[in-house]
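Fit chain H to the known structure of chain X by using the hints.
Read off the chains here:
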Amino acid sequence: GQQLNQSPQSMFIQEGEDVSMNCTSSSIFNTWLWYKQDPGEGPVLLIALYKAGELTSNGRLTAQFGITRKDSFLNISASIPSDVGIYFCAGQIETGANSKLTFGKGITLSVRP
Amino acid sequence: NAGVTQTPKFRILKIGQSMTLQCAQDMNHNYMYWYRQDPGMGLKLIYYSVGAGITDKGEVPNGYNVSRSTTEDFPLRLELAAPSQTSVYFCASSYTNTEAFFGQGTRLTVV
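Residue numbers (the working numbering), protein chains in the order written: chain X, 1 to 113; chain H, 1 to 111.
Just so you know, not all the hints are guaranteed correct.
[Said to hold, decoys possible] Far from chain H, some chain X residues (derived; all Cβ distances over 12 Å): (1) 17; (2) 61; (3) 68; (4) 75; (5) 109.
[To be verified] Calculated pairs, DMTMM-like style, for lysine to aspartate or glutamate (alpha carbon to alpha carbon, straight line, at most 20 Å): (6) 105/X <-> 38/H; (7) 100/X <-> 79/H; (8) 105/X <-> 99/H; (9) 9/H <-> 38/X.
[Said to hold, decoys possible] Facing chain X, a subset of chain H residues (Cβ under 8 Å, in silico): (10) 48; (11) 58; (12) 98.
Hint data in this document are derived by calculation from the structure and do not stem from the laboratory.
Since the structure is predicted, the reported quantities are computational estimates derived from the model, not experimental observations.
Even glycine gets a Cβ: it sits at the ideal position worked out from N, Cα and C.
Extracted from the complex, chain X is given alone in its bound form (with noise of 0.2 Å):
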């Protein structure tokens, strides 16, 4: 099946900090979701992008949707304590009923005060 790939599976940042986390894939996708899951709960939407080369903003946080459709990044700036958690970034090949989103495997990201 396709596949999301994020990596490192952790990152440490100090308060204050921006951080920077990609997505990348072989496949085409047509549609790129960044999540944000924090401990004991269910991810929760951050950001959706619909369009190749889309820039979109969400208070600190930015998300691109890659022209080449085979990735995506997640900005985040100014980093703060409540920003801990682990960042899944999800992706549609297709579109339609029947079409399915696929996970990367999440970074955990720290911040150290």
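Here is chain H on its own, set in the frame of chain X:
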């Protein structure tokens, strides 16, 4: 507006036992999904439904069954629990089959 509600939150099963994980959504979403999450492995799709009365297999359906008799409910059934089914299970729903909203999860341990 409760969103996606999963019960129970935690469960311990013995090998060979059966149980049903409940999922309900109050957003009138047609699409519903069951995922399992194992450490460091992301989310794997077990089953999904595009509407009441319609279900289909995802990536890892073996050992599970689902039904969708109403728009609101999408229970997941384990008939003969095995240690490999120890995982965190997430139910999700979507209006557009893209932006999925997740429940809080059910942590299942099979011993």
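Okay, the hints, checked on the actual structure:
no.	hint	verdict
1	17	24 Å, holds
2	61	16 Å, holds
3	68	20 Å, holds
4	75	20 Å, holds
5	109	15 Å, holds
6	105/X <-> 38/H	10 Å, holds
7	100/X <-> 79/H	25 Å, violated
8	105/X <-> 99/H	18 Å, holds
9	9/H <-> 38/X	16 Å, holds
10	48	7 Å, holds
11	58	7 Å, holds
12	98	6 Å, holds
Checked against the numbered hints above, the structure violates only hint 7.
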